[in-house]
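Asker: Chains as they are written, first to last, in our numbering: chain A, 6 to 442; chain B, 4 to 252.
Note that these hints are calculated values from the structure, not bench results.
Take these hints with a grain of salt, some might be off.
To be verified - Part of the chain B face toward chain A, derived, beta carbon under 7 Å:
| hint | residue |
| --- | --- |
| 1 | K53 |
| 2 | A79 |
| 3 | G82 |
| 4 | T104 |
| 5 | A105 |
| 6 | E108 |
| 7 | T109 |
| 8 | L133 |
| 9 | I186 |
Stated by the list, open to error - Each computed PhoX-like pair below joins lysine-lysine, with the alpha-carbon atoms no more than 25 Å apart:
| hint | chain 1 | residue 1 | chain 2 | residue 2 |
| --- | --- | --- | --- | --- |
| 10 | A | K49 | A | K418 |
| 11 | A | K295 | A | K210 |
| 12 | A | K54 | A | K428 |
| 13 | A | K162 | A | K79 |
| 14 | A | K79 | A | K126 |
| 15 | A | K362 | A | K93 |
| 16 | B | K125 | B | K139 |
| 17 | B | K248 | B | K233 |
| 18 | A | K79 | A | K124 |
| 19 | B | K111 | A | K428 |
| 20 | B | K113 | A | K399 |
| 21 | A | K424 | B | K139 |
| 22 | A | K423 | B | K139 |
| 23 | B | K111 | B | K81 |
| 24 | B | K233 | A | K399 |
| 25 | A | K433 | B | K81 |
| 26 | B | K81 | A | K399 |
| 27 | A | K9 | A | K54 |
| 28 | A | K63 | A | K79 |
| 29 | A | K162 | A | K418 |
| 30 | B | K193 | B | K21 |
| 31 | A | K48 | A | K424 |
| 32 | A | K418 | B | K125 |
| 33 | A | K11 | A | K60 |
Every value quoted in this text rests on a predicted model; they were computed, and no experiment measured them.
Just so it is clear, CB atoms sit at the ideal spot from N, CA and C, and this is done for glycine as well.
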Amino acid sequence: MSLKEKLLSSYIAFEDHLEADSPLHDLRTQAIKTFENLGFPTKKEEAWKYTSLNKITKEDYSLSPKKVSALDFKDVKQYFLYDVDTYKIVFVDGVYSSFLSETTHDGIDVCLLSAALSKDKYKPVIEAYFNKVAKDDSLTALNTAFAKEGAYIHIPKHKEVEKPIEIINFSTGSEASLMLQPRNLIVVGENAQVQIIERHQSLSKNPVLTNSVTEIFADKRGYVDYYKIQNDNTEASLIDHTFIDQERDSICKVHTFSFGGKLTRNNLNFYQRGEHCDSVLNGITILEGKQHVDHNTLVHHIAPNCESHQDYKGIFDDNATGVFNGKVYVEKEAQKLDAFQQNNNILISDKATINAKPQLEIFADDVRCSHGCTIGQLDEEALFYLRSRGIGQKEARALLMYAFANNVLESVKIPELKKRINKLIAQKIGVSLGFDL
Amino acid sequence: MLHIKDLHASVEDKDILKGINLDVKPGEVHAIMGPNGSGKSTLAAVVAGKEEFEITKGDVELDGEDISELDPEERAHKGVFLSFQYPVEIPGVSVTNFIKTAINETRKAKGQEDMPAGEMLKMIKQKADLLEIDRKFLSRSLNEGFSGGEKKRNEIFQMAMMEPKLAILDETDSGLDIDALKIVANGVNKLKSNDNAVIVITHYQRLLDYIVPDFVHVLMDGKIVKSGSKELAYELEEKGYDWIKEELV
Numbered sequence: 006m007s008l009k010e011k012l013l014s015s016y017i018a019f020e021d022h023l024e025a026d027s028p029l030h031d032l033r034t035q036a037i038k039t040f041e042n043l044g045f046p047t048k049k050e051e052a053w054k055y056t057s058l059n060k061i062t063k064e065d066y067s068l069s070p071k072k073v074s075a076l077d078f079k080d081v082k083q084y085f086l087y088d089v090d091t092y093k094i095v096f097v098d099g100v101y102s103s104f105l106s107e108t109t110h111d112g113i114d115v116c117l118l119s120a121a122l123s124k125d126k127y128k129p130v131i132e133a134y135f136n137k138v139a140k141d142d143s144l145t146a147l148n149t150a151f152a153k154e155g156a157y158i159h160i161p162k163h164k165e166v167e168k169p170i171e172i173i174n175f176s177t178g179s180e181a182s183l184m185l186q187p188r189n190l191i192v193v194g195e196n197a198q199v200q201i202i203e204r205h206q207s208l209s210k211n212p213v214l215t216n217s218v219t220e221i222f223a224d225k226r227g228y229v230d231y232y233k234i235q236n237d238n239t240e241a242s243l244i245d246h247t248f249i250d251q252e253r254d255s256i257c258k259v260h261t262f263s264f265g266g267k268l269t270r271n272n273l274n275f276y277q278r279g280e281h282c283d284s285v286l287n288g289i290t291i292l293e294g295k296q297h298v299d300h301n302t303l304v305h306h307i308a309p310n311c312e313s314h315q316d317y318k319g320i321f322d323d324n325a326t327g328v329f330n331g332k333v334y335v336e337k338e339a340q341k342l343d344a345f346q347q348n349n350n351i352l353i354s355d356k357a358t359i360n361a362k363p364q365l366e367i368f369a370d371d372v373r374c375s376h377g378c379t380i381g382q383l384d385e386e387a388l389f390y391l392r393s394r395g396i397g398q399k400e401a402r403a404l405l406m407y408a409f410a411n412n413v414l415e416s417v418k419i420p421e422l423k424k425r426i427n428k429l430i431a432q433k434i435g436v437s438l439g440f441d442l
Numbered sequence: 004m005l006h007i008k009d010l011h012a013s014v015e016d017k018d019i020l021k022g023i024n025l026d027v028k029p030g031e032v033h034a035i036m037g038p039n040g041s042g043k044s045t046l047a048a049v050v051a052g053k054e055e056f057e058i059t060k061g062d063v064e065l066d067g068e069d070i071s072e073l074d075p076e077e078r079a080h081k082g083v084f085l086s087f088q089y090p091v092e093i094p095g096v097s098v099t100n101f102i103k104t105a106i107n108e109t110r111k112a113k114g115q116e117d118m119p120a121g122e123m124l125k126m127i128k129q130k131a132d133l134l135e136i137d138r139k140f141l142s143r144s145l146n147e148g149f150s151g152g153e154k155k156r157n158e159i160f161q162m163a164m165m166e167p168k169l170a171i172l173d174e175t176d177s178g179l180d181i182d183a184l185k186i187v188a189n190g191v192n193k194l195k196s197n198d199n200a201v202i203v204i205t206h207y208q209r210l211l212d213y214i215v216p217d218f219v220h221v222l223m224d225g226k227i228v229k230s231g232s233k234e235l236a237y238e239l240e241e242k243g244y245d246w247i248k249e250e251l252v
């Protein structure tokens, strides 16, 4: 049985367990039909030209873990921002871990989607926002069909969340192979502020495929600072779909740090619905071995006087492959726009590959849109300069790579997180330098 | 200290140095002058270990040890310093972090501990004062957006921090106005001792008014064609290089 068939047949059993009068019933039925019609995307589709799901969909994934695994905090501590106080929503093999989590309903809701979907008091929010910005491409639809668990975050208006919220999905390897489909809903009210860190972490060498969907809504003057830490092992694959809906004067930033995983696909979609929106998409990708990362971004400018800034840096070693497919779509009404897109790549080895494809579709006539893309090696002259000052070749290369990624790192506003990412970069590059940038 | 014997070097099969002989003893200042394209910067880069150049013949010895096969960083560890004609801009690395890394990597190579932070700061302050460098300057990205003069001053600041045995100043005077030139020259003179040596590469005699050479060498077409005292520099300034060419014929 193919994975598609397996998913379709398990959907019947899944639906049976849910109440028939669930408000999501029709939505799910529609969604599974969409997936049935479209199936897994193939390289024949333009958006998937450089990323093949062929191999990872061959695996016989378990779709729900048979037993609940417990984790000790000390064993997974390293994946948390343990030196600073945070809210935590933690899932172990797709199941909520109350032991590892720290949720709240005190002025804000930081809790579970399953609770939000089943309790009446959340109904207005669910009805207003759930699946309202998510696209109906096949994999998002697949997630919608099976959506039942994930993070639910609701920040009411004028509320500034005083500590970061961590969303962490662990997989333990209790199943020979596992497919997870977390679904997150984040609603940020007018003039409210939040910082969120999302991480998917496999704790074993057993294959994991995560098909994740996150919807984020930022109301007027809302501020969302979102960090994706992707440093998984070489048997873990992630297909992420993040949809961000911005009302006027809102600022939304997504920083994606892709340091590892078998296959990672980031579908990042911003929709600016009001004037004076600002969208920031930053990324640092450092890959080695046979890892693959595909950044597929869309910034859809609908209203006038908005801004968007994309800055993606990639460093690829060994046989690693990267894709940057960045699209800026400017509607006729989106005048006075300032859109900027930058993608710079360094290929360390002869066998590493990057496919970069910036796309601008502009229907307004009074806009400023710029994009730049570079692919190169480390600057030999700069290397010689550093080495002539006594800095060894390996360290000199590392220093240049740090410097290359630095302006993206600068945008990390949580000092502890910045320190951690710094350390991860040093680890990736295989050196320790005596300072943080 | 530095002993160069019949040095030939080429880049992409093009011969640039065609038999250089040079002896530099501790405490000496040597000036190397010559027209554009004569091989001055190549000589500096070859001594510092730039891999782009291939040594096809001859020796480069530092304190009796052949250094021609060593990596640039190994030469730096042994006390060779090159002040670049065109210092490279490295956005994202501050001057301070860069110099700390350079010093501690050098100490590590010699089996020493990192320099204590307090001591490092003190040294940075002292050397920055010597070269009249503003503290704010030190937290800027290395050479990024620096004026020509700032870049050169920063090179000499690094030299002051690294305390090399042999410093090669490759056209350090270009891009400097007279005030900056005096500051840089003053810095170099203060760092000068009986144990170290300086090679000054320049087009113009101007710098040599402030860093006074013991010897002046004229490099033409990859060879040192004439050596003399500091008076030779004045002669070159006045008469150019053509008379030497004629002398050679």
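Asker: Regarding the pair A/K162 and A/K418, is the alpha-carbon distance no greater than 25 Å?
Answerer: holds, 22 Å
Asker: Could you grab the alpha-carbon distance between A/K433 and B/K81 and see if it respects the 25 Å cut-off?
Answerer: Distance of about 30 Å is beyond 25 Å: violated.
Asker: Does B/A105 hold up as a contact with chain A if the rule is Cβ-Cβ below 7 Å?
Answerer: This hint holds: B/A105 lies near chain A, its Cβ roughly 4 Å from the closest one there, short of 7 Å.
Asker: With the threshold set at 25 Å, check whether the alpha-carbon distance from A/K79 to A/K124 stays at or below it.
Answerer: Not satisfied, since the Cα-Cα distance of roughly 33 Å exceeds 25 Å.
Asker: Decide if the proposed pair is consistent with the structure: A/K49 and A/K418, CA atoms, cutoff 25 Å inclusive.
Answerer: Roughly 40 Å between the alpha carbons, so the hint for A/K49 and A/K418 is violated.
Asker: Take a quick look at whether B/K81 and A/K399 sit within 25 Å of each other, Cα to Cα.
Answerer: Distance ~19 Å between B/K81 and A/K399 Cα, so the pair holds.
Asker: Grab the minimum C-beta distance from B/L133 to chain A and call the hint holds if it beats 7 Å, violated otherwise.
Answerer: Check failed: Cβ of B/L133 comes no nearer than 19 Å to chain A, outside 7 Å.
Asker: Hey, B/K125 versus B/K139, does the alpha-carbon distance stay inside 25 Å?
Answerer: holds, 16 Å
Asker: Holds or violated: are the alpha carbons of A/K54 and A/K428 at most 25 Å from each other?
Answerer: violated, 33 Å
Asker: Minimum Cβ distance from B/E108 to chain A below 7 Å?
Answerer: At about 5 Å, which falls below the 7 Å cut-off, the nearest Cβ of chain A leaves the hint on B/E108 intact, so it holds.
Asker: Verify the proposed pairing of B/K193 with B/K21, using a straight-line Cα cut of 25 Å.
Answerer: violated, 34 Å
Asker: For the restraint on B/G82, tell me whether the closest CB of chain A is nearer than 7 Å.
Answerer: violated, 10 Å
Hints 3, 8, 9, 10, 12, 13, 14, 15, 18, 24, 25, 28, 30, 31 and 32 from the list above are not met by this structure, while the remaining hints are.
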